[in-house]
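Listed in order, the protein sequences are those of chains S and W.
To convert, note that position 131 of the first sequence is 131 in this note's numbering; the numbers rise steadily by one, no gaps.
To convert, note that position 73 of the second sequence is 73 in this note's numbering; the numbers rise steadily by one, no gaps.
Where hints are given, some of them may not hold.
[As the list claims (entries may be wrong)] Within a straight-line C-alpha distance of at most 25 Å, the following computed PhoX-like cross-link-like pairs (lysine-lysine) qualify:
id	chain 1	residue 1	chain 2	residue 2
1	W	LYS38	S	LYS47
2	S	LYS109	W	LYS182
3	S	LYS47	W	LYS182
4	W	LYS38	S	LYS109
Calculated from the structure, these hints are not laboratory results.
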Amino acid sequence: MIRTISTEEITKNICEMCIEANHCLSPDMEKALKKAVDTEASPLGQKILGQLQENLAIAGEEMIPICQDTGMAVVFAEIGQQVHLQGELLEEAINEGVRQGYVQGFLRKSVVDDPILRENTKDNTPAVIHYSLVAGDKVRLTLAPKGFGSENMSRIFMLKPADGIEGVKQAILTAVKDAGPNACPPMVVGVGIGGTFEKCALLAKQALVRPLDERSQIPYVRDLESEMLDKINELGIGPGGLGGTTTALAVNINAYPTHIAGLPVAVNICCHVNRHVVREI
Amino acid sequence: MEKHITMPITAEVTKTLHAGDYVYISGTLYVARDAAHKRFMEVLDRGESLPFPIEDSAIYYMGPSPAREGKPIGSAGPTTASRMDKYAPRLLDLGQKAMIGKGKRTQEVIEAIVRNQAVYFAAVGGAGALLSKCIISSELVCYGDLGAEAVLKLEVQDFPVIVVIDREGNNLYETAIEKFKK
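Next comes chain W alone, as it looks inside the complex (with noise of 0.2 Å):
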């Protein structure tokens, strides 16, 4: 089923979804991946906030090429969000209701996301530049220092991923294998 939401999202549009639904999202998402990760735990341990309003916030695991002038930002597909299992329940934990990546989840991940009433999107990997057309804008918020690793806010219109595993826990990538598995 096709369907159009805005980020932020919250837990009233979360219920909407369901895995294998193919999702346009337009609105604000927050780009972060390994490095920065690790840096907002430690942020954390330190009783510090985080850098942006991580309640029904949407983080996209990537990290873009540079943009070329005139451009908001360079290719711009997901990374393997698994990198990001040992960090994601404690920021879904603590509000942050979707995820855009790809690939798989542990099973850690996927009760947090049950418990907290998110959800996990993948967009195509391998395809950054067809997605970098949907990022209208692109601003840094913080950690410059690591160059592709810095975390990012985006604004984007109609940007396609499918729901991979949603807030009941089906998860898309066991049982649309298993369709067409001989």
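Looking at chain S on its own, in the form it has when it is part of the complex (with noise of 0.2 Å):
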């Protein structure tokens, strides 16, 4: 069976999406960076800790956005095969709900129309956005305001298949330790591993919007996620980058086969403010 789908029904719900993410974290970070403050070390880190969590109370009760960069938004756009679109260009309509969404919610507009000439588009347009075939009669948006503080941190390593494991661990510390304070620590490290050069930056993208409390369903993923949570914890980065035992609160790894002659990694770097929001239509 086809189901009609309208776009302005699509422009609507990224627009409030827009606003949400930016004003209120989804649970699975909250209770990171709640449990954080119990356990980190750092007694300047504790206080660090405890003015995020009131910056969020602050963000959530006075609708002032969590972080001023309020991000160029990111869009994961999951069609179900049965779906008919009805109504605008997807594009435009994903495009005209970031616009209303930045201009009403009072967010930042961060995007520049031009890498070089760099005029200010003003409405925070265009997304990023990933479109993606799947089974069903429903469309799934996940919205993720992404800032740059972190982002500019994040890195690309085409490794040789001799490089193993152990060159994957070094690759992800690598990139943290040189993210340090940038990053705003506590941060959550996505990690392609596999694929090509563009497809390996996409499975680290998508490893940010995993939730917390998901691990990996593959059993060396789900050791490797522990493992480099611990070691990037032990760098002694910490929260603001100012000492601690806190520097990321979650490593999410996604994995995809690879060529014969590869082993490319990617290490996108987010925050402690990673925002997503996931609607179903």
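Combine the two chains into a complex, taking the hints into account.
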């Protein structure tokens, strides 16, 4: 059965999701940040984590964005094969939602129209949209406004197969160490292993929107996530980069088949304001 | 150690600040980030004067979200300071005494801090809603066409920061990490 969905519905939802994501963290992120207050060893680190709790409360109560960098809007649009979209082009509907959300929600307009000419588009469009066709008759939208303090510290490493899992561990630690205080720790580390150059980066971005309490289904990847979280927290970077035992809240890793000659590793770093909202229409 | 200071800030005051001090700032801060700094350099290259008094000033690297009605400003946390590293030494040599941001600085900036008896503070990144509560007023100085990157003049009250690089060149980002590294 074909199900018809109006693109106006998509616009309305994206608009609301932009506002929601920038004022309220998802429950998994809130839980991880709360837990960190109890386990942090540094007194200054504890104080900073306490301020982050206070910040979240003010953001939600007074509708002030959690962070002034309300990000570039990244959208994952998973479209059921039985869906018929009625109305304007989906890309335009999503961008209209971003435009409305960022203007109505008093969110910062942080997008420039060209990377070299750099004129602000004044409505935070365009979004970065990743489409995929999936089974079913629904549209699943994930919105992740991405701040650039941490985005700038993200890396891709084209390793050799001989580098193996030790090479992957080194790559992750190198990216996190270099990011240090710039990425607003405690961070969430999204890692992609495998695929091609661009697929690997996308895997890392998708890893960031996976709930923090959900571990990988693949046994070796699950072990790697847990080992890397411990190793990252032993670096000493801590909250705000001012020393401590909470450098990362989670390490989420996605793997994908790759070429016989390659071992790509992408490390997409996100700050403690790891925003993601999911809706199914 | 906790301290209270008022901006603008003189060399007599920076002398009393040490890496690791927790400081509450009151007084005037100027807000500028990437695009505004680029324009400052162009202004100086043309031999003109900067749009605000640079002597003993404090620049807050920040680009706020828009203010809701009745509020002086929106969310207002620090941005990554390293993007201003290319411009900071020139401004410090002209008399700027304090920078507020987050993240690492280059050796050139650290040397300019020491040479000019200046100071680099970090505010907590990602706490923009909380920090906005310490901002009493905000007015546009110039470059309104830059939107979130315009130059602003802020009056702040007990704005919390931490001394990261002091005028002796001590760097808290390096020393604090060593304490917790395993």
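Of the hints stated earlier, which fail here? 1 and 2
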